[in-house]
Amino acid sequence: MAIIVAALLAQQISLENSLAATLGTSVGGVVTAVLASLSTNIEGKKLAFANCIFNFGIAFLIVLIFPYFIHFLNFLSIVLNIEDIALKVALFHTLFNLIGVVLFSFFTPQIVLFLNKIVKAPKDKNKDKPLYLDSSLVKFSDTAIEALRKESEHLYNNTYAIVAHAIGFSRKDIQSDKSFKEILENKKWFSKNVDLDYLYQTRIKVLFEAIIDFSTKAQVYINDETKNHKIFTFKMAAKNLAETTKNLKIIQANIKKYSSSSNEFLALEYNKIRSNLGELLRSIEELRVVEDREKLYLIIKNLQKGKEILKEIDTLTLSNVEHLISVRKITTAEGISILNDTTFAAKIAEELIGAVEVMFSKDISN
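In the numbering used here, the protein residues as written are 6 to 371.
It is worth saying that the hints were derived from the structure and are not from the lab. No incorrect hints appear here.
Beta-carbon label-pair distances, calculated as ranges:
#1 Tyr73 <-> Asn121: 34 to 44 Å
#2 Lys192 <-> Asn268: 17 to 27 Å
#3 Pro114 <-> Lys192: 52 to 62 Å
Virtual Cβ for every residue (Gly too), placed ideally from N, Cα, C.
All chains, please: the whole structure from these sequences, using the hints.
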């Protein structure tokens with residue numbers, strides 16, 4: 006743009022040619038923006054293409070009425086008392102954008118719809134999808150409830166794997182007979198960090214949304230209060246499992262950092278958090294494979310008691326942290342981290358227990 010104005014002032018080009026060149030720079034800048042957007046996310050690409058539509062569209066319109074537009078520009082320059090040709094170019098550019106904004110503001114919804122159809126994110130092969138929720142089942146209450154139970158288990162399976170890996174354990178560790186003390190003594194952290202944001206989007210959120218959507222549609226066809234309540238509990242179970250992953254994200258970095266700390270007292274406290282969550286996952290796995298109804302009942306009762314034990318652990322941790330700070334084994338900041346992360350770990354455990362109670366209540370209700 007500066008080069009065009011300089012050439013105009015040097016009388017190398019006429020006013021009309023400078024205005025035509027200004028149109029060209031607007032279009033050329035759009036192409037640059039589109040090329041730059043290739044490395045951005047999908048929303049950045051949509052924005053670049055919207056800019057492309059805007060600039061190409063208004064440039065095409067101005068070209069069609071260019072002689073008349075020049076007359077209008079000259080008339081407006083007289084009205085505004087603009088004699089400087091550089092200011093006329095600036096006025097032209099302002100009018101160009103102003104007309105574009107006014108015209109395209111009426112078509113914003115259509116442009117958004119068009120871009121959403123044309124510019125799509127590539128399909129993620131790792132993105133999970135519902136296995137049991139078919140829209141044709143919503144009219145049949147018992148079948149819909151059973152489908153929700155199975156899909157809730159599917160969601161739990163994903164949550165279980167994410168929690169286990171985020172605290173440094175494998176499925177084999179959880180399902181083994183080894184004590185967690187022995188596992189921790191012989192196991193090193195995975196070198197690669199668990200991307201909880203990505204896993205939440207691809208393995209948790211997609212199922213959570215499907216369960217909520219299916220449940221809401223199914224409840225339209227159900228008048229039985231008991232069945233409606235059952236469906237509501239599946240919604241809450243799905244919510245608990247989604248919240249589990251979110252809370253896990255808060256403590257993940259500290260658990261990995263401090264459980265491997267050279268400060269053995271700090272490492273011990275964080276490995277307690279890992280062990281407690283690992284023990285919970287192991288108890289739930291035992292619950293899933295047990296066939297004896299009486300034993301199943303006892304395990305669920307023990308999990309329910311676990312909610313009270315979580316409160317006791319909070320109190321014990323506070324007492325222990327106070328002692329460690331007083332004897333200068335850990336810093337005050339480290340002590341606060343332990344207390345905060347223990348609280349979030351307790352929330353994770355409580356959310357898992359709440360979800361499991363819903364999923365397995367059918368097995369002991371009869």
